[in-house]
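Assemble the complex: chain A is given as a structure, and chain B must be docked to it using the hints.
Protein sequence lines, in the order shown, are assigned to chains A and B. If you're matching positions, the first sequence starts at 1 in my numbering and goes up one per residue. If you're matching positions, the second sequence starts at 1 in my numbering and goes up one per residue.
One or more hints might be untrue.
Stated by the list, open to error - The calculated label-pair distances, taken between Cβ atoms and stated as ranges, are:
#, chain 1, residue 1, chain 2, residue 2, range
1, A, Gly32, B, Gln75, 34 to 44 angstroms
2, B, Ala64, A, Gly125, 39 to 49 angstroms
3, B, Ala64, A, Met22, 47 to 57 angstroms
4, A, Val108, B, Ile114, 40 to 50 angstroms
5, A, Val108, B, Glu208, 56 to 66 angstroms
6, A, Glu217, B, Gly148, 16 to 26 angstroms
7, A, Val150, B, Ile139, 31 to 41 angstroms
8, A, Lys21, B, Ala107, 33 to 43 angstroms
9, B, Ile114, A, Phe153, 44 to 54 angstroms
Claimed, not checked - Listed next, the in silico DSSO-like pairs over lysine-lysine satisfying Cα-Cα at most 30 angstroms (straight line):
#, chain 1, residue 1, chain 2, residue 2
10, B, Lys220, B, Lys204
11, B, Lys118, B, Lys101
12, A, Lys189, A, Lys51
13, B, Lys110, B, Lys172
14, A, Lys21, B, Lys204
15, B, Lys101, B, Lys220
16, A, Lys189, B, Lys101
17, B, Lys118, B, Lys215
18, B, Lys110, B, Lys215
19, A, Lys189, B, Lys215
20, B, Lys204, B, Lys101
21, B, Lys118, A, Lys189
22, A, Lys21, B, Lys101
23, B, Lys110, B, Lys220
24, B, Lys217, B, Lys101
25, B, Lys110, B, Lys217
26, A, Lys189, B, Lys217
27, A, Lys189, B, Lys220
28, B, Lys110, B, Lys204
29, B, Lys204, A, Lys189
30, A, Lys21, B, Lys217
31, B, Lys220, B, Lys118
32, B, Lys217, B, Lys118
33, B, Lys101, B, Lys172
34, B, Lys204, B, Lys217
35, B, Lys101, B, Lys215
36, B, Lys172, B, Lys118
37, B, Lys110, A, Lys189
38, B, Lys172, B, Lys57
39, A, Lys189, A, Lys21
40, B, Lys215, A, Lys21
What the hints contain is simulated information worked out from the structure, not anything from laboratory work. Please read all numbers here as calculations on a predicted model, not as lab measurements. Each residue gets a CB set at the ideal place from its N, CA and C atoms; glycine is no exception.
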Amino acid sequence: MGCASAGGPESHGHNVDPWEKMNRGIFRFNEGADRWAIEPASRAWSFAVPKLAQQGIKNIYDNAWMPAVIGNHLLQAHPVEAFVEDLPRLILNTTIGLAGLFDVASQVGIRENVTDFGITMGRWGLPPGPYFEIPLLGPSNARDGVGRVVDGFSSPYTYFIPWWSFFVTRGVELMNLRALYAEELAQSKADAFDYYLFRRDAWMQNRRYRVGQARGEVAPSPAEDEDLFYFDDADDADDADDDYEADAIDRGREDAEGGADST
Amino acid sequence: MSHPGRGFSTRTLQGLVLPVFSLAIFALVAIAVPSSGAEVSEAEKTAAAGPRAALAKTLDGVVAVLSDPALDAAQRRERIEVIAYASFDFETMSRAVLGKKWRSLSADQKVTFIGEFKQLLSRSYGRRLGRWGDEEIAIVGDRAESRGDVIVETRIVGGDFDGAAIDYRLRKAPDGEWRAIDVVVEGVRLVSIYRTQFRDAMAKGGAEDLLRQMKQKNAKAVVGSGS
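Bound conformation, chain A alone (with noise of 0.2 angstroms):
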């Protein structure tokens, strides 16, 4: 395994994944990183750290970066979502919540959203452009890596506390995730046989079903699923490639997902 896919999405003309080797390889790293340091650094802290406290750690996270969903959802022509939802939240949490620790708004019932820059470039018909696996982060593309950047802008962090420090609370946060959700993590593992390409696929396929629904698209489930699933009998005289043509679509549409004039 490990090695650039033979058959992968480069064997028609759309690729998601035209930079599948430098990927791989930011992959690898970031395999290694997290088998070597952050998975230990996780594992010692769930050790010192009870399961209660790690989730109001991450509800302390949660809540600072609500200025950035309350903006994206305005962006996105959300006012509902931004002061019916984001804001009472933000309000209520940072204040009753003492800074974000209990998630009171969530026994008030008032929903937790998310979202970011990224989905707010999809909305307006931006296309999200090559798979990108950032080194640390994992999983992105060209589109939704700017607005990572642009969301750390947006984050509070950046303005009330030094530079260097961004990267240790940073740290705290991903090391509290990746403790919460280790055994989730173990199983996808164990259960992929190439997990590079689970882990790309699921991704996009869940970047472009936010951004459906940022847009407001009844289903956003894609419509190729109706060419995976029936199975033409007609056109059973294959040539070597036809595989792909279910996949030309799959694709196709991945790609349309920026495109406002596709339907």
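Just chain B, lined up with the frame of chain A:
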């Protein structure tokens, strides 16, 4: 106790898509015995009543197994597996997951593939049942696809993944039963995810190599299923 709400966002750590995907476990497992007689006549009233009723019945069945304190982990897994085997159309899933490569398999290989794929899905998902807590699954809608399949939409209520969307694609089998052929968790499509990996494996080592890898994983799953 606080609910973290939707515990997944791309701004988080690498691979956090995975908790989302692991919901497929619950999802897969949460499909049960297809409806019979009564629901079929219902299906004639509205297109979606059949599959929806089938899914509702399933969810009830699974919840009953999960909440029965008399069962130990192994017994639960077994019963859930029985339910999953009856309510998924693994042959259609196998064809879809291999696409046109399906036809390059010999008759024997096809049988082997279906058997291994079935085990693969059921085992890996059965193992995660221990994490089932207070969550419930609510059926929130359904829609007919253009060629007869029905998508039934569900949401997780409560727990770490509150609000997560899980859609099931159901198809009416020749025997009149509705069976699931795909699970879509927050936009992540089970069959499609396996499709890329299987096709990649076949391109590298051929059908025999893929089957060998599947058997290996299934054997490991048995060993590791004690946890």
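The hints, checked one at a time:
{"no.": "1", "hint": "A/Gly32 / B/Gln75: 34 to 44 angstroms", "result": "holds (40 angstroms)"}
{"no.": "2", "hint": "B/Ala64 / A/Gly125: 39 to 49 angstroms", "result": "holds (47 angstroms)"}
{"no.": "3", "hint": "B/Ala64 / A/Met22: 47 to 57 angstroms", "result": "holds (50 angstroms)"}
{"no.": "4", "hint": "A/Val108 / B/Ile114: 40 to 50 angstroms", "result": "holds (49 angstroms)"}
{"no.": "5", "hint": "A/Val108 / B/Glu208: 56 to 66 angstroms", "result": "holds (58 angstroms)"}
{"no.": "6", "hint": "A/Glu217 / B/Gly148: 16 to 26 angstroms", "result": "holds (22 angstroms)"}
{"no.": "7", "hint": "A/Val150 / B/Ile139: 31 to 41 angstroms", "result": "holds (38 angstroms)"}
{"no.": "8", "hint": "A/Lys21 / B/Ala107: 33 to 43 angstroms", "result": "holds (38 angstroms)"}
{"no.": "9", "hint": "B/Ile114 / A/Phe153: 44 to 54 angstroms", "result": "holds (52 angstroms)"}
{"no.": "10", "hint": "B/Lys220 / B/Lys204", "result": "holds (22 angstroms)"}
{"no.": "11", "hint": "B/Lys118 / B/Lys101", "result": "holds (18 angstroms)"}
{"no.": "12", "hint": "A/Lys189 / A/Lys51", "result": "holds (23 angstroms)"}
{"no.": "13", "hint": "B/Lys110 / B/Lys172", "result": "holds (22 angstroms)"}
{"no.": "14", "hint": "A/Lys21 / B/Lys204", "result": "holds (16 angstroms)"}
{"no.": "15", "hint": "B/Lys101 / B/Lys220", "result": "holds (26 angstroms)"}
{"no.": "16", "hint": "A/Lys189 / B/Lys101", "result": "holds (25 angstroms)"}
{"no.": "17", "hint": "B/Lys118 / B/Lys215", "result": "holds (11 angstroms)"}
{"no.": "18", "hint": "B/Lys110 / B/Lys215", "result": "holds (14 angstroms)"}
{"no.": "19", "hint": "A/Lys189 / B/Lys215", "result": "holds (17 angstroms)"}
{"no.": "20", "hint": "B/Lys204 / B/Lys101", "result": "holds (13 angstroms)"}
{"no.": "21", "hint": "B/Lys118 / A/Lys189", "result": "holds (19 angstroms)"}
{"no.": "22", "hint": "A/Lys21 / B/Lys101", "result": "holds (25 angstroms)"}
{"no.": "23", "hint": "B/Lys110 / B/Lys220", "result": "holds (22 angstroms)"}
{"no.": "24", "hint": "B/Lys217 / B/Lys101", "result": "holds (21 angstroms)"}
{"no.": "25", "hint": "B/Lys110 / B/Lys217", "result": "holds (18 angstroms)"}
{"no.": "26", "hint": "A/Lys189 / B/Lys217", "result": "holds (12 angstroms)"}
{"no.": "27", "hint": "A/Lys189 / B/Lys220", "result": "holds (13 angstroms)"}
{"no.": "28", "hint": "B/Lys110 / B/Lys204", "result": "holds (19 angstroms)"}
{"no.": "29", "hint": "B/Lys204 / A/Lys189", "result": "holds (20 angstroms)"}
{"no.": "30", "hint": "A/Lys21 / B/Lys217", "result": "holds (26 angstroms)"}
{"no.": "31", "hint": "B/Lys220 / B/Lys118", "result": "holds (15 angstroms)"}
{"no.": "32", "hint": "B/Lys217 / B/Lys118", "result": "holds (12 angstroms)"}
{"no.": "33", "hint": "B/Lys101 / B/Lys172", "result": "holds (24 angstroms)"}
{"no.": "34", "hint": "B/Lys204 / B/Lys217", "result": "holds (18 angstroms)"}
{"no.": "35", "hint": "B/Lys101 / B/Lys215", "result": "holds (19 angstroms)"}
{"no.": "36", "hint": "B/Lys172 / B/Lys118", "result": "holds (19 angstroms)"}
{"no.": "37", "hint": "B/Lys110 / A/Lys189", "result": "holds (26 angstroms)"}
{"no.": "38", "hint": "B/Lys172 / B/Lys57", "result": "holds (16 angstroms)"}
{"no.": "39", "hint": "A/Lys189 / A/Lys21", "result": "holds (20 angstroms)"}
{"no.": "40", "hint": "B/Lys215 / A/Lys21", "result": "holds (29 angstroms)"}
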